[in-house]
Every structure is written in C-alpha cells, then in structure tokens.
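Visitor: Letter by letter, the chains look like this.
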Amino acid sequence: MMRKRKGYPVYPLTAAQKFHFFYQNSCPKKEVLNIGTSLTIETELDWDALRQAIYKAYERCESMRVRFAKDKEGTWYQYVVDKEEREIEFVDFSGKTMEEAEAIMQKWTTKPFPAMDAPMNRVVMIHMPDGYNGLYFLGDHRLVDAQSLICFLKDIIELYCNAKFEGVPYPKDMASYIEQLQKDLAYEQNSKAQQRDREYFEKLIETSEPIYNGLLGPQKLEAARERFGDPALRAAMDVSDSVDSALDIFHLEAEPTKRLMDFCEKYHVSLVCLLIMGLRTYFQKMNGNEDVSIHTAIARRATIKEKKSGGTRIHSFPFRTIFPESMTFLEGVYKIREQQNEMFRHANYNPVEYFIHRAKTYPHPQGLTYEPMSLTYQPMTLQEKGLDQLGEIRYKTKWYPNGATTQGMYLTVMHRPEDNGLDFNFEHQVKAVSRQDLEYLYYYLCKIMFKGAENPDLPIGDIIRLV
Amino acid sequence: MEVKMFEKLVEIICNYVEVEPEQVKPESRFMEDLGFTSFDFMSMLGEIEDEFEVEIDETQAANIRTVQEAVGYLEQLTA
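Chains as they are written, first to last, in our numbering: chain D, 1 to 467; chain V, 468 to 546.
FYI, nobody ran anything at the bench for these hints, they're computed from the structure.
Keep in mind that a hint or two might mislead.
Said to hold, decoys possible - No farther apart than 27 Å at their CA atoms in a straight line, the calculated lysine-lysine pairs in the DSS-like style are these:
1. D/Lys-172 / V/Lys-492
2. D/Lys-398 / D/Lys-96
3. D/Lys-18 / D/Lys-83
4. D/Lys-111 / D/Lys-29
5. V/Lys-471 / D/Lys-398
6. D/Lys-70 / D/Lys-83
7. D/Lys-172 / V/Lys-475
8. D/Lys-29 / D/Lys-56
9. D/Lys-305 / D/Lys-183
10. V/Lys-492 / D/Lys-183
11. D/Lys-18 / D/Lys-6
12. D/Lys-56 / D/Lys-111
13. D/Lys-266 / V/Lys-492
14. V/Lys-492 / V/Lys-471
15. V/Lys-492 / D/Lys-398
16. D/Lys-431 / D/Lys-451
17. V/Lys-475 / D/Lys-192
18. D/Lys-56 / D/Lys-258
19. D/Lys-305 / V/Lys-492
20. D/Lys-72 / D/Lys-56
Could you build all of it, start to finish, from the sequences and the hints given here?
Guide: Below, the structure is given as structure tokens:
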C-alpha cells in the first residue's frame, strides 16, 4: 500500500474518479477522458500578466496540481504537488485560418495525458486568426468537470482583471480539494449516509426490470432478443464496435429558449425536468413503451466549498419514468421533479455499485443496456461567473471533442451566453448514431417540449399523436 | 416570522450560494434571486434537517419558493 509519493501524502480515488477509470480501461483510446475548451476575447491581452494570473490560479487551486500514481498491486492513488513549475505556452495562430487554428486545438484535445506523476491539465495562451486572444484549456475528466473547469478559468480572469484594472476586487479563496476529498472518502467508509443511500438505490433497482428504448424504435431490442434467443429480453446493445465519435451541435434561438424558461419559472421546475420529459416522451413515441430510462448526470456541487474545490464530482445514474399516456404533460414534469429531488438526496452513492447491484438483480448478456443515452444539463456559464467584469467586450467559447466515446450518445445542454439561447451538444459514436438520427431526435424533442409547454394539461398520448 | 429561525436559515443559505447575509431577504426567491439550483436546494434540506432536527417532505419542500415560505414551513414542523 502506498503512503507517500515524491514526499507527498497520497489519497485513494473517489467513487466519481473510479467511474472514469472504469470507462478509460474499457476504451482503446485513452484520450476518451480529455476535455478541451478555448475561451477568447476581443481585446489585447498583457501576456505576462496573464501568465502570472495562470500561475497564481494554479497556486490557489489544489485540484489542478494533482498527479496520479499506481502501486505494485495496481491500485491507483493521487497526490497534490506544492507548485506548478512548467512553462505556460503561448501559441500565435496568426497567418492561419480559423478552421486551421481550431483543427490544431482539436488535435491537442486528442492527446492523452501520461498515466503517472504528470500534470493532468494543460493551459495555452492563444492569439487567434480573428484577432481574439485568450486561453486553451485541456483537462482530464478524472480531475476536472465542466463546473470546476469554469471555476478555474473564472479565477484566472478575475486574477488578471484584479492585476490590470483599478477597482476590481481580488477573488475570494478557492476551497480545499484535499478537504473535500477526505470528506468524500469518509462517506465511502460505510458511513450511515452511505448505508441510507445504498438502501434507497437498491430498493429502487429491485422495483422491476427496466426496458431498453431505441432512438429510432424497437429494432435494436428486437435484434438482441433474436440474437440471444430470448423473446423476453429487456436490454439491448446500444453501442457500436468503434469508439470513434463526433460532436454535432444544434442551436435553439433566444426567443424559443425564453418560452421554455418561462414555462420552468411559471411551474417552478428546472429546465432539466423539462428536458427529461421531452426526451422520455420522444422515446415513448418511438417505441410505444410507457417505461423509459435514460442516464442523467448529477454535478454534486451544492455548497460553496463543493463548488470551489475543483476536481471531478459528477455521478451518473439511470433515471426511469413510467408514465401512462393518460398522464398530462405537467403531471409528468412534476413527477420527474419529485423523483429527481429524491435522487439528489442520495446522489453521493457510488454509481459503479449501482450497476453491479442491477446486473446481479437482472442478469443478462454482457454489453447490453437499458439506457439509449445520457443527459447533462450545464446551467453555469462564464458570463455570469467572471466575464461580466470585462464589460461589453465580446468573447467566444468553444468545446473540442476528444474523438472517442464509450457511449452511443451523450447530450449536453448548455446556455449560450452570447444570446441567451441553448446549445444541444450531441457527442455520439459515429457508427452507432448518425447526424440524421440526431436531427430527427432534436426536431421531435423540440416539438414535444413546446407542445407540452404551451398545453401543459394535454395528456402524453395526445402529444405523441400531435407532434 | 421567527427572527432566530430566519437568521439561522440565512447562515445556512450563505454556505450554498455566494451572497452576503444582508442580501438575503424574507421575500428572496431561492432560484431566481439567490441563484440556487434544485440540487443546491435539496442538499440544503439535509443540513436544515440536521440543524432544526426535523424531517422534511421533499414534495412539499419542492413548492417552497421564498425564504419566508421556508421559514413558515419550518415553523410548522417545529411547532
């Protein structure tokens, strides 16, 4: 058992980190956990001041200084080094087209990090062909998620603004990653809270077996039933034999987005409830099942300490709804809110334990699943958390896909701060789901959500027939 | 509205969202004014349960919009 590495105390991995390790182990492309993004603004930057702000941000954020190490038995650990001593790179894309510059950053995003004793992120200062200036950030999902990434970039911006502009306050301290890690690890030592959460999920799993719903209908389930000679089989093969992925983005404009947000405000529900309702109704329409499950991600950052401690905290669980066609759209949305609120209170439970218990409860051939997709809703944007200090200066953010995914389809819905619209980012296995399939899904998803938001008392069955 | 309970609740709220205590008013709405997400809110319920030694019904709690409504609900539970 490892106790120290290079003089630093080591810590075991959390459940959220082990979940990512599990995915990486099953994927031939080790860059599957890379998250790449760029943030550029339409103004000149003082590169030396920016470089100092980046070093200061590293100093303030323990999780950005974490390294991994493995002992002789093959168990992984993590430790936090005192200081980042690497050079912060500067890349000038002048003379290239925007497409060429973005292609280079896309390439950076597909390069896996070294497995041990190395930084698990990279920050590059960039000058873009369109005159915008800013940062490219690459991180490993075992140590960064969307919220901690935004939090880190926000800290760099605030530190830079404090150094450059009069009257901009110094940002408040970040929270300790180690402290939060120890809290999570204590929970995982068979704490009372863990026992309570385990009891909740095991009971939920044992209610009854879910059923797979395909993106385009029941063909995949029928194929699995035929292949395994089991007409009662309820799970299907959702992924392809290639992890090569693409990212397709659909933009919902500001006005229709506002209509959805107004519905949420009026009925006091979050947008994610409406999205789940839209998606599950789509699958009900396509498959004729009132029983629909999809994966949903929970960010698990409630307290300020959790929000500012960095690292990765996402837990993902299947979210199952059984809604008869006679149920109204609004009743469905409220039921989702109720189920989700209940799940939130048990979200610290280890998702790997969840899947092990479910596989034991409902044994079926390996590689089959009940969930055709995953959903993440990202409410946080950089505008509300930092860039507002830059006044009216225009800026751009871009996410770069790493080119690999172990899931058939992963939808991330994000607010677009430039115009208050929504972006629907579909990352999908190229061989499992086509762009055309996604256009179809997106079209009907929107139709369902708007029909429901405009007619909340309409039964689900009517909505399915009308759209 | 019980002042002590309000003050205690404000203290808890400030552990979840970046607001100063004086910015939290009885009429403040958790989501729209204070910036709570539903996950923040549900997580806070756990802390409130421990602090006030009450058991909160999630369905009823989901309908709470303002700090004043939360205080009223807690007053009922602790009465």
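Visitor: Indicate, hint by hint, whether the structure satisfies it.
Guide: So, going through the hints one by one against the coordinates:
no. : hint                  : verdict
1   : D/Lys-172 / V/Lys-492 : holds (23 Å)
2   : D/Lys-398 / D/Lys-96  : holds (18 Å)
3   : D/Lys-18 / D/Lys-83   : holds (25 Å)
4   : D/Lys-111 / D/Lys-29  : holds (10 Å)
5   : V/Lys-471 / D/Lys-398 : violated (47 Å)
6   : D/Lys-70 / D/Lys-83   : holds (21 Å)
7   : D/Lys-172 / V/Lys-475 : holds (23 Å)
8   : D/Lys-29 / D/Lys-56   : violated (33 Å)
9   : D/Lys-305 / D/Lys-183 : holds (11 Å)
10  : V/Lys-492 / D/Lys-183 : violated (32 Å)
11  : D/Lys-18 / D/Lys-6    : holds (23 Å)
12  : D/Lys-56 / D/Lys-111  : holds (26 Å)
13  : D/Lys-266 / V/Lys-492 : holds (21 Å)
14  : V/Lys-492 / V/Lys-471 : holds (14 Å)
15  : V/Lys-492 / D/Lys-398 : violated (38 Å)
16  : D/Lys-431 / D/Lys-451 : violated (32 Å)
17  : V/Lys-475 / D/Lys-192 : holds (25 Å)
18  : D/Lys-56 / D/Lys-258  : violated (38 Å)
19  : D/Lys-305 / V/Lys-492 : holds (23 Å)
20  : D/Lys-72 / D/Lys-56   : violated (35 Å)
Of the numbered hints given earlier, the model fails hints 5, 8, 10, 15, 16, 18, 20; all others are met.
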